[in-house]
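Asks: Sequence:
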Amino acid sequence: MDDMEIIKLFFARSDSAVGELDGKYGRLCRHIAGNILHSSEDTEECVSDTYLTAWNTIPPKEPLPLFPYIGAVLRNHAFNRYSYNHAAKRSCSCREIESEIESLSCGDDIGDSIDSGIITECINRLLRAADEVNRMLFVRRYWYCDGLSELSRRSGLSENVIKSRLKRMREKLRADLEKEGITV
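Numbering (full-length UniProt numbering), first residue to last: 1 to 184.
If you're looking for bench data, these hints aren't it; they were derived computationally from the structure.
Any given hint could turn out to be false.
Stated by the list, open to error - For lysine-lysine, the following DSS-like pairs were computed, each having C-alpha atoms within a straight-line distance of at most 25 Å:
(1) K179 / K167
(2) K61 / K24
(3) K61 / K8
(4) K24 / K8
To be verified - Each pair of labels, with its calculated beta carbon distance range:
(5) S164 / F11: 44 to 52 Å
(6) S39 / T183: 34 to 42 Å
(7) N85 / R27: 17 to 25 Å
(8) F11 / P68: 12 to 20 Å
By construction, the Cβ of each residue, glycine as well, lies at the ideal position given by its N, Cα and C atoms.
Required output: the full structure, derived from the provided sequences and hints.
Replies: Spelled out as C-alpha cells, the structure:
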C-alpha cells in the first residue's frame with residue numbers, strides 16, 4: 001500500500017490505518033528506536049506512541065512522503081524515552097552521537113530556521129555533494145543512530161576513518177549553516 005492510501009485510511013479514521021502503517025514501516029521504526037533505546041520493551045512502547053501520535057495528527061496533517069514524518073515523530077519519542085531512562089547515567093554510544101550533534105547545535109535561531117527550511121536545505125546540499133559512502137555514513141549515523149561498529153561493518157572502513165569523515169561533514173555543515181546566518 002502506498003503512502004497516500006495509508007493517509008486516506010487515517011483521514012477515514014479506519015481501524016486498519018495503523019496496521020497498514022506498521023506493515024509498511026514497522027520494521028524500520030523498530031530498527032531506529034532499537035538503535036537509540038537498546039531495549040525491546042522501550043522500543044515497542046516508542047513505536048506504539050509514534051502510531052498514536054500519527055493517529056492524533058493525521059488528519060489534519062497530510063505528510064507526504066509519510067516516512068520522514070513518522071521517522072521524526074519516532075525519533076523524538078525515542079530520544080525523550082532515552083533521556084528519561086538515562087537522566088543520571090549515560091550510555092557511551094548515545095553520548096557519542098549526542099556530543100557530535102551538540103557540536104552543531106544552533107542557538108535561539110533554531111525555531112525560525114526549521115520553519116523556513118534553511119537547516120533542511122543545508123543538510124540536503126551537504127548530502128547531494130557527498131559521495132555515496134559519506135552520504136550513507138551521515139544518514140545511518142544521525143538518522144538511524146547506527147554505532148561506529150555497525151557503520152564500519154556496512155562500509156568496510158575503519159572506525160577512525162568513519163569518525164574523520166563524519167567530522168569533516170559536520171564541519172562543512174557548520175560552515176554552510178553559518179553562511180546562511182544560523183549561529184552554531
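Asks: Next step is simple, just say for each hint if it's right about the structure.
Replies: These are the hints, each one checked on the structure:
1. K179 / K167: holds (18 Å)
2. K61 / K24: The given pair, whose Cα atoms are some 19 Å apart, holds under the 25 Å limit.
3. K61 / K8: holds (11 Å)
4. K24 / K8: Holds: K24 and K8 sit about 15 Å apart, inside 25 Å.
5. S164 / F11: 44 to 52 Å: For S164 and F11 the Cβ distance comes to about 47 Å; the hint holds.
6. S39 / T183: 34 to 42 Å: holds (36 Å)
7. N85 / R27: 17 to 25 Å: Distance hint for N85, R27 holds at roughly 23 Å.
8. F11 / P68: 12 to 20 Å: Hint holds: Cβ distance 19 Å, inside 12 to 20 Å.
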